[in-house]
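Engineer: Chain B: place on chain A using the hints.
The chain contents come next:
2 protein chains.
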Amino acid sequence: MFIPTIAALPDNVPFVAPEELERDRGTPFIARLGANESAFGISLKAEEALRAALNTSACSWYGDPLSHDLRTALSSRLEVPMDNLCVDAGIDSLLGLTVRLFLQPGDTLVTSGGAYPTVNYHALGAGGVVKAVPYNNHHEDTIALAEAAHQTSARLVYLANPDNPMGTQVSQEAIETLISQLPHNCTLLLDEAYIEFMPAQSSLPIRVGDANVVRFRTFSKAYGMAGMRIGYAIANERIIRGYDKIRNHFGVNRLAQIAAVASLQDDLILTRVINEVQHGRERVYALARSLELAYIPSATNFVAVDFGTQERATTVLKQLAECGVFLRKPMQPPQDQFIRIGVGTEAEHNSLSEALSALICQ
Amino acid sequence: MFIPTIAALPDNVPFVAPEELERDRGTPFIARLGANESAFGISLKAEEALRAALNTSACSWYGDPLSHDLRTALSSRLEVPMDNLCVDAGIDSLLGLTVRLFLQPGDTLVTSGGAYPTVNYHALGAGGVVKAVPYNNHHEDTIALAEAAHQTSARLVYLANPDNPMGTQVSQEAIETLISQLPHNCTLLLDEAYIEFMPAQSSLPIRVGDANVVRFRTFSKAYGMAGMRIGYAIANERIIRGYDKIRNHFGVNRLAQIAAVASLQDDLILTRVINEVQHGRERVYALARSLELAYIPSATNFVAVDFGTQERATTVLKQLAECGVFLRKPMQPPQDQFIRIGVGTEAEHNSLSEALSALICQ
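Protein chains in written order, with the working numbering: chain A, 1 to 362; chain B, 1001 to 1362.
The reader is advised that the hints may include incorrect statements.
[Stated by the list, open to error] A few chain B positions that, by computed beta-carbon distances, are all more than 12 Å from chain A:
#1 D1069
#2 I1258
#3 L1359
[As the list claims (entries may be wrong)] Result set (DMTMM-like, lysine to aspartate or glutamate): computed pairs, CA atoms no more than 25 Å apart in a straight line:
#4 B:K1045 with A:E48
#5 A:K131 with A:D336
#6 A:K131 with B:D1244
[As the list claims (entries may be wrong)] Across the chosen pairs, the derived CB separations fall in these ranges:
#7 A:T56 with B:E1020: 18 to 28 Å
#8 B:N1137 with A:R77: 38 to 48 Å
#9 B:N1136 with A:P4: 51 to 61 Å
#10 A:R312 with B:A1200: 34 to 44 Å
#11 B:N1012 with A:R312: 47 to 57 Å
#12 B:N1136 with A:R23: 47 to 57 Å
#13 B:E1020 with A:T314: 17 to 27 Å
Hints were generated in silico from the structure; no laboratory data involved. Where a beta carbon is used, it is the ideal one built from N, C-alpha and C, also for glycine.
Okay, chain A solo, but in the shape it has when bound (with noise of 0.2 Å):
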């Protein structure tokens, strides 16, 4: 019935819900930790635009295909002019056009083995390759990637930085080493979902002449926007006109525009957010502590805490569920020993605090 590169794939699904697991669960969770959402809301002047919009047409006209506003906006913050930036609805559905653009079946992606699997989904919906090399002592090791890209012949490399799920950073350097080391022909995709919290001095600074480096960004995140469906593409404008040619045009909502714009007004979110986060980062890393568990140092706004094996760690993962509070994991070793723990609220950290307490100490 499908072409064979479909009907050759799994049924797999990237993760599963939180909604369904309660579904199974009958109950609501009481900590909403495990799928990297913001605790701390959207922007103040977000939320206004929203209320203002729904007294207008934002619900029923389009949204605007070229994101004028918003990428005016993004020019001005960023420094980049705006035919360097593509407005889509979200990092995973750049990352599906990326591959799109790039690999032709049999092609090659690497990545690091328990990296983010939605581009590891994409690259084989488009009947791509993966290869994937292991993490260098909890960080995505950027000089096997440049290695196994060139064994590969690969067509495209992938880095989130910082990284998820372990939360760590690469530096500038090795970033910049990568990109000199990829072979002809290769574009490298760093994924910088999780850019405002790492201190901005370690960040690459923004080159659109690179021809093989595209950049993703979200107001997922830090601007606490994950269920609007809103992020971009940094790239040279010839990647830029790629995703022209097939992208949904009109496939961003109107609300999401208008509340990325707000939010980009608003002087206060990133503060504000950073420092909840980075106080959300040193209660998970007490909690750790006083419970004699180790701990990744994070630049992320979630924690990698390392319960020793991974029957251990999934055995607590499915305890803490049935307590209410839900938690994701790595899937691959050696990383599935740790269970990511994301910054909450107090509230949703004081619950996971006692539920893990009297798991751990019981």
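Structural biologist: Just chain B now, kept in the frame of chain A:
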């Protein structure tokens, strides 16, 4: 840089947005009648649900990837099992997924010349070939579609019922015959975006046992939610599982899911909008008659009005835009002598009427 299929694509865009035209002219339109959007807003229950949602984490939490609540409501409404429903970010997105399920480079999609162009855009984006057959007396020609499908060994046939841009409908019997005459391994894509405006008795009964039909519906038109991006496919469960292999599982925004569920709980919205649209069509018919212009009776929320020649239609379209009235017109002969006039609010219609009367009678 890109794979050959993509490199060969033109830098084309299916539609120029009204916002882009407004930026060019430096001032907003006074009547937005060209994008087949609803002028009658969203359900009051949906608006209420959205306002309440802004007090929750609805913007910050990813939407349920299974759209469970919406599929439950649709299943009950349509008397179709949930496994036969796939919710996604609008019909455009579903069409993009569909061509990827069924078309390999070189495979053919059959459609009507001048019909909804986004399916062609996506088919070409997947490396497919588009074969277009002429309309028959402004109706999509189901006999010609079936013949062309056999001649080209097509994998997909696209039929919009009611049609866009002409607003005509074909009979249930004609569609039944088309389905029965499809070649082996060819699937009918039945786009029913405007179905709520069509007399119910003329709609083909849903038979999810048919393995060669996918029906597409949306909240964009009668439910007034074009800006929110949510629609669904009804199909055999094997096809639905295909969508699950490649769709963006977290791609439907949470507010759209909330508004769609609330809309289905609103007994008044459809009656109210269908009534408004019927009155609005009558207003357009009357305007056309008063100006001695022919028109095609419509089963949708727009009316194709005949300006005699392509040149005249193009000139009038441009002049109306200068007067602040946004419209679009069919792109291919012989339909390109028509202008597609959307049903608007009374104020929008009056602006159109005034401008058009002045142009025609000058």
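Engineer: Would you assess whether D1069 (chain B), listed as outside the interface, keeps its beta-carbon beyond 12 Å of every beta-carbon in chain A?
Structural biologist: Since the minimum Cβ distance to chain A is about 9 Å, D1069 (chain B) lies within 12 Å and the statement is violated.
Engineer: Could you let me know if the closest chain A CB is still more than 12 Å away from the CB of I1258 (chain B)?
Structural biologist: With a cut-off of 12 Å, I1258 (chain B) comes too close to chain A, as the shortest Cβ separation is near 9 Å.
Engineer: Verify the proposed pairing of K131 (chain A) with D336 (chain A), using a straight-line Cα cut of 25 Å.
Structural biologist: holds, 19 Å
Engineer: Would you say the C-beta atoms of E1020 (chain B) and T314 (chain A) sit inside 17 to 27 Å of each other?
Structural biologist: This hint is violated: roughly 52 Å between Cβ atoms.
Engineer: If we take the beta carbon of L1359 (chain B), is the closest beta carbon in chain A still more than 12 Å away?
Structural biologist: holds, 25 Å
Engineer: Just tell me: holds or violated, for the beta carbon distance of N1136 (chain B) and R23 (chain A) against 47 to 57 Å?
Structural biologist: holds, 49 Å
Engineer: Would you say the C-beta atoms of N1012 (chain B) and R312 (chain A) sit inside 47 to 57 Å of each other?
Structural biologist: Given about 55 Å between the Cβ atoms, the range holds.
Engineer: Does the structure keep K131 (chain A) and D1244 (chain B) at a Cα separation of 25 Å or less?
Structural biologist: holds, 23 Å
Engineer: Confirm or reject the claim that N1136 (chain B) and P4 (chain A) have a C-beta distance inside 51 to 61 Å.
Structural biologist: Roughly 36 Å apart at Cβ, these two residues miss the hinted range, so it is violated.
Engineer: Against the range 38 to 48 Å, how does the distance between the Cβ atoms of N1137 (chain B) and R77 (chain A) compare: consistent or not?
Structural biologist: About 54 Å separates the Cβ atoms of N1137 (chain B) and R77 (chain A), which means 38 to 48 Å is violated.
Engineer: For a C-alpha distance cap of 25 Å, please report whether K1045 (chain B) and E48 (chain A) respect it.
Structural biologist: With Cα atoms ~20 Å apart, K1045 (chain B) and E48 (chain A) stay inside 25 Å; holds.
Engineer: Is 34 to 44 Å right for how far apart the beta carbons of R312 (chain A) and A1200 (chain B) are?
Structural biologist: violated, 59 Å
Hint violations for this structure: numbers 1, 2, 8, 9, 10, 13, all remaining hints satisfied.
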